[in-house]
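Trainee: Okay, here's what each chain looks like letter by letter:
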Amino acid sequence: MSFPERLHKLDFRWIWAVTLAIVLVSVLFPVALPMGMSGSTRQVIAWIDSLPKGSVLFIAPEYGPGPDVELNPQVRAIAILAFRHGLKLVIGSSGNILGPQEAETMVAEAAKQVGGGLKYGVNWVNIGYKPGNQEAENELERNFTAGSQGVDLYGKPLAGYPLTRGIRRLDSQYFSGIWAEDTGTPGCIDWYANAAVPGKLPLACGAITMEIPSLQTYVSAGQYKALLHGAAGAAQLEEYERAPGLGLATQEAAAFAAVFIILLVVAGNVAYFGMRRAGGGKSA
Amino acid sequence: MKKEIPLAITGLSGLMVIVGEYLRFAQNLGWLTTFNTWFQVATTVAFPIGLVSLTLVHGHNIQRKRADWGLSILMLAATYVYLAFDLVSGPANGTVMSWVYTAYISPVAATLYAMTSFLITSATFRTFRCRNREATLLVVAALFIVVAQSPLAGLISHYWGATATWIINYPSNAAFRAITLGAYLGAFATAIRILLGIERAHIGSLAK
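Listed in order, the protein sequences are those of chains W and E.
For reference, each letter of the first sequence is one residue, going -5 to 278 in this note's numbering.
For reference, each letter of the second sequence is one residue, going 428 to 635 in this note's numbering.
Quick caveat, the hints were computed from the structure, so don't treat them as lab data.
Incorrect hints may have been included.
As the list claims (entries may be wrong) - Examples of chain E residues lying across from chain W (beta carbon under 7 Å, computed):
{"no.": "1", "residue": "ASN455"}
{"no.": "2", "residue": "PHE466"}
{"no.": "3", "residue": "ALA530"}
{"no.": "4", "residue": "SER533"}
{"no.": "5", "residue": "ALA536"}
{"no.": "6", "residue": "TYR540"}
{"no.": "7", "residue": "THR543"}
{"no.": "8", "residue": "PHE545"}
{"no.": "9", "residue": "SER549"}
{"no.": "10", "residue": "VAL573"}
{"no.": "11", "residue": "VAL574"}
{"no.": "12", "residue": "PRO578"}
{"no.": "13", "residue": "ARG604"}
{"no.": "14", "residue": "ALA614"}
{"no.": "15", "residue": "PHE615"}
Glycine is no exception: its CB is placed at the ideal position from the N, C-alpha and C atoms.
For reference, chain W alone in the conformation it holds in the complex (with noise of 0.2 Å):
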């Protein structure tokens, strides 16, 4: 057998064995490779600083436990510099039951990097997840109160906590801004047609690393005005904040897995050309 045939007919359990190595010793063994700092990210850190300081911003995080390694990163270091700016924060979502959930944990733990006393019901609430996707969005928006049911993440009435006794509707009256955690549907477009735009309120977003093309489109447009590419994002800003985290710890298994991808597409073209000169019948 020929060597590109051989290559052609590698077992990819070879592949994911190499995979599996190179995650395990990124982690094992960490470089701290310097992250930089994006266009798209500068735009989320001007975005956020931008908004007035005391202002509530309102965090919808549809994700669930899956695309979370992500995500909750995002959500770490958005509260961080959310709060850093003095910022407080409502979460809720509309579409994915845990979502909220995450968050919270996500919320607690920038709160106490952050210091200061930030306390719950004062600097952030959590009003969980509220049914009917669009529905729930828009209801938000009309009435903060029918929208949310009243009551938060724990079934406690929002009328008791310092931050959301007076808040009738999701829009400019009582909110500087949205920021939108997106999977995919519902995402970050329902909240900027539902909520966004009724209510007046600029929106910007943060997404995992596949919905980032399809929502770059909206940033182009200026619809949203800022954009957060998945780890790679997260990871940018916990080196700007200091406030190293889930991000960073990811990023060296991914720049070495893209050294390693760009290996197999190299190695697997060898293999189609090695093929196609020695006319050895179909490729892959």
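Guided by the hints, dock chain E onto chain W, whose structure is given.
Mentor: For chain E alone, coordinates are given in the frame of chain W:
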């Protein structure tokens, strides 16, 4: 009438939402708020219906001792025990439900999600072939984007990230706009067909 009544309900519901959304008198009367509340109730009711359906399906598996009926027992036990804990203690930190979620559900879901990385690497080897000019362009663009998402891009060259940004902002943007426009036009046409009763897939076997 078995077919006509569900179609009439569909059309009437759609008409009510359109009227509530776009007509001033209906907005003043707060129709949309009422419809939103109905929708939220309907969405919430869907969860116990799903639970009942799940219980019936796996209950039959257990009753008839079909293949893997033991897994059905495990599934139902996990579902109802977790439901019981949630009803009793709620989702607050420090409760059993919170512990089960943090210690089990979240890591298992993350593991399943992480397994896609292995499939992606083997798929990369298998499918990224420079068969022609367009395929070569796709492969080169994909490699630019993959590296740009990692810290490597900054280490290699400042222009790498800039090139990746250009690819996302211009050619990719143009393609996605075209796809999105087509998808939404298609969705709009399908919605009109459903409201007018031309499209009947949503009423299932009654459509025949």
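Trainee: Would you mind marking each hint as holding or not holding in the structure?
Mentor: Hints versus structure:
1. Hint on E/ASN455 is violated. Least Cβ distance to chain W is approximately 13 Å, over the 7 Å limit.
2. Interface hint at E/PHE466: satisfied, since its Cβ lies 4 Å from the closest Cβ of chain W, which is below the 7 Å cut-off.
3. Taking 7 Å as the C-beta cut-off, the interface hint given for E/ALA530 is violated, the closest approach to chain W being about 12 Å.
4. Nearest Cβ of chain W to the Cβ of E/SER533: about 4 Å, under the 7 Å cut. The hint holds.
5. Taking 7 Å as the C-beta cut-off, the interface hint given for E/ALA536 holds, the closest approach to chain W being about 3 Å.
6. Because the beta carbon of E/TYR540 sits about 4 Å from the nearest beta carbon in chain W, less than 7 Å, this interface hint is met.
7. The criterion of a C-beta within 7 Å of any C-beta in chain W is not met by E/THR543, whose closest approach is roughly 9 Å, and the hint is violated.
8. The interface hint given for E/PHE545 is met, as the beta carbon of that residue sits about 5 Å from the closest beta carbon of chain W, less than 7 Å.
9. Interface hint at E/SER549: satisfied, since its Cβ lies 4 Å from the closest Cβ of chain W, which is below the 7 Å cut-off.
10. At its closest, the beta carbon of E/VAL573 sits 5 Å from a beta carbon of chain W; the interface hint therefore holds under the 7 Å criterion.
11. For E/VAL574, the suggested interface contact is upheld, since its CB lies about 5 Å from the closest CB of chain W, less than 7 Å.
12. Taking 7 Å as the C-beta cut-off, the interface hint given for E/PRO578 holds, the closest approach to chain W being about 4 Å.
13. A least Cβ separation of about 5 Å between E/ARG604 and chain W falls short of the 7 Å threshold, and the interface hint therefore holds.
14. Annotation: E/ALA614 was flagged as interfacial toward chain W, and the flag is violated, the nearest CB pair being 12 Å apart, outside 7 Å.
15. For the restraint placing E/PHE615 at the interface with chain W, the shortest Cβ-Cβ distance is roughly 14 Å, beyond the 7 Å limit, so the hint is violated.
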